[in-house]
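When you get a sec, could you build the whole thing from the sequences and use the hints?
Line by line, the protein sequences are chains A and B. So for the first sequence, my numbering puts the first residue at 1; every next one is plus one. So for the second sequence, my numbering puts the first residue at 1001; every next one is plus one.
One thing to keep in mind: the hints can contain errors.
[To be verified] Below, simulated DSBU-like cross-link-like pairs (lysine-lysine); rule was C-alpha separation at most 35 angstroms, straight line:
1) K216/A with K1078/B
2) K62/A with K1044/B
3) K69/A with K199/A
4) K1044/B with K216/A
5) K91/A with K62/A
6) K1044/B with K69/A
7) K1078/B with K239/A
8) K1044/B with K91/A
9) K92/A with K1044/B
10) K239/A with K216/A
11) K1095/B with K1078/B
12) K1044/B with K1095/B
13) K199/A with K92/A
[Claimed, not checked] A few chain B positions that, by computed beta-carbon distances, are all more than 10 angstroms from chain A:
14) L1016
15) D1020
16) M1034
17) D1037
18) K1044
19) M1045
20) L1082
21) D1084
[Stated by the list, open to error] Stretch by stretch, here's where chain B covers chain A in the computed footprint (C-beta under 8 angstroms, at least three residues):
22) 53–62
23) 102–114
24) 173–184
The hints are simulated quantities; they were obtained by calculation from the structure and are not laboratory data. Note that the coordinates shown come from a computational prediction; the quantities given were computed from them, not determined experimentally. Just so it is clear, CB atoms sit at the ideal spot from N, CA and C, and this is done for glycine as well.
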Amino acid sequence: MQLAGKAFEAGVMVEDIYHLGDTRSADDLAAFTQMAPERLCLGCGLRVDEPFAPLTARERPKLFAAACKLLTFVLRDVSAQTNSEEEEALKKALAPLIANEDFHFVATVTALVQSLLQGRTDCPISGVFGAGKSRAAAAMIAGLLVMDPTLKIMIVTKGNVAAQAFAPHFLRLELPSSINGLVGRLVGYVELQKGPANKTDLDVPPAFRNDVLRSKQVLIGCGGGFRQECSQPCSPVAKWMEEVDLALNDEGRQYGNLDKPLLSLLCPEDALLSGRPSEGNF
Amino acid sequence: MLGSVVIRYLEGTDGLPVNDIRMLLAEGLSSDPMLTDASLATLKMLSQEVVGVFFERFHAPVLRAALAVLWLSLHREKFPLLADNLRSAAGTAGKKRWALILPSSASVSQVTYVTIIGVRYPELDTPSKRI
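Given below as structure tokens:
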């Protein structure tokens, strides 16, 4: 056919999607049919070459300003001037991470600023087990929240275990209650039935969810509960996510779940999605 | 390494201090950690401009890259940084095709490293384990 060396392009129209032998619900599959073109690369792994309006730093002013401020704060380290109790606590909490010679935390914050400068919609952070990805992410999110408490950040983990593991990373930073009070971990019925060892101070039980949600700037959700919440027609969590500035998908590569496409669908177009890369992404 | 991602945006642009910052980052990519006198002067200038202070530990390649990124954020209009198509924005094409890998772990013993990382993540098993 003499296609070697030639660019081959064809338009693709999806008329229907059939699933055979899969237990996915229609709501899960609907995420793909409703995917905005800007999210096709992330959500479906499709290679889309259409041009689009670049995402400048001015279109993400709060996140960009907070990220640059945080990176400056980190590099100044012990000489950083603090203007509030929250910044003083943050300086104390970040000191060991900054001084660590693996520089994992500094690299994570630098990658965030670099992604925003480039107008990227995605910032993959990967690493071996025990490298400190979740810890660096928790410290980075805490730092962003101190720099700008009006930022909205969503954290989606693979399951209740990871959601329960992420919250202690945040609590160990020992930030003031004015910051910790902005963070909530969504817990469902199953999690509530476990013993007190699984509870954290950030838990938001289902009974109080609608009232408490409005006061939170950071939400930690696990895969099953998060999908259930967002599949409901008038989900307050889905409504909350429409204004998200940054979404983190922890352990997103595992188990082939649909969390990342769903996250891509629900977050606004200018939100930055961070997490482990999907297959074939780099 | 992080510096190799940043340096892509300084190539093709000439003039001071871009050339000096490019040289500073290029030296960070080599195996020799020592800075030339000229690069040390550039590092001091850069750190004073973006954070107002200089520390000896800024010699580390990751911190040099961090300073360069902050400098780029202050002069972003002068460089072609932005992704202009969906694949670049997703980080799957062009100069934007990069991701951060944190290569080391205090929790991993040598036996685990050899048996698991050497098999599943051979790209991490390089002589230089710097970010």
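Quiz item: Taken at face value, is the distance from the CA of K239/A to the CA of K1078/B at most 35 angstroms?
Solution: violated (38 angstroms)
Practice problem: Starting from K216/A, check that the Cα of K1078/B is at most 35 angstroms away, please. | Solution: With Cα atoms ~38 angstroms apart, K216/A and K1078/B exceed 35 angstroms; violated.
Quiz item: Quick one, are K239/A and K216/A close enough, alpha carbons at most 35 angstroms?
Solution: OK: K239/A and K216/A at ~13 angstroms, within 35 angstroms.
Quiz prompt | 8 angstroms C-beta test of the region 102–114 of chain A against chain B, three or more residues | solution = holds (count 11)
Practice problem: Decide if the proposed pair is consistent with the structure: K1044/B and K1095/B, CA atoms, cutoff 35 angstroms inclusive. | Solution: holds (28 angstroms)
Quiz prompt | K1044/B non-interfacial with respect to chain A [C-beta, more than 10 angstroms] | solution = Consistent with the label, K1044/B stays out of reach of chain A, its closest Cβ about 14 angstroms off (over 10 angstroms).
Quiz item: For L1082/B, which was marked as not at the interface, is the minimum beta-carbon distance to chain A over 10 angstroms?
Solution: violated (4 angstroms)
Quiz item: Taking 8 angstroms as the C-beta cutoff, is the stated coverage of the region 53–62 of chain A by chain B satisfied by three or more residues?
Solution: holds (count 4)
Self-check item: Exclusion check [M1034/B not at the chain A interface, CB over 10 angstroms]
Solution: holds (18 angstroms)
Quiz item: Does the alpha-carbon distance linking K199/A and K92/A stay inside the 35 angstroms limit?
Solution: This hinted pair holds, its Cα atoms lying about 26 angstroms apart.
Exercise. Examine the region 173–184 of chain A: at least three residues should have C-beta closer than 8 angstroms to a C-beta of chain B.
Key: violated (count 0)
Quiz prompt | Assertion that D1084/B lies outside the chain A interface [Cβ separation over 10 angstroms] | solution = violated (6 angstroms)
In this structure, the hints that do not hold are numbers 1, 4, 7, 20, 21 and 24, in rising order.
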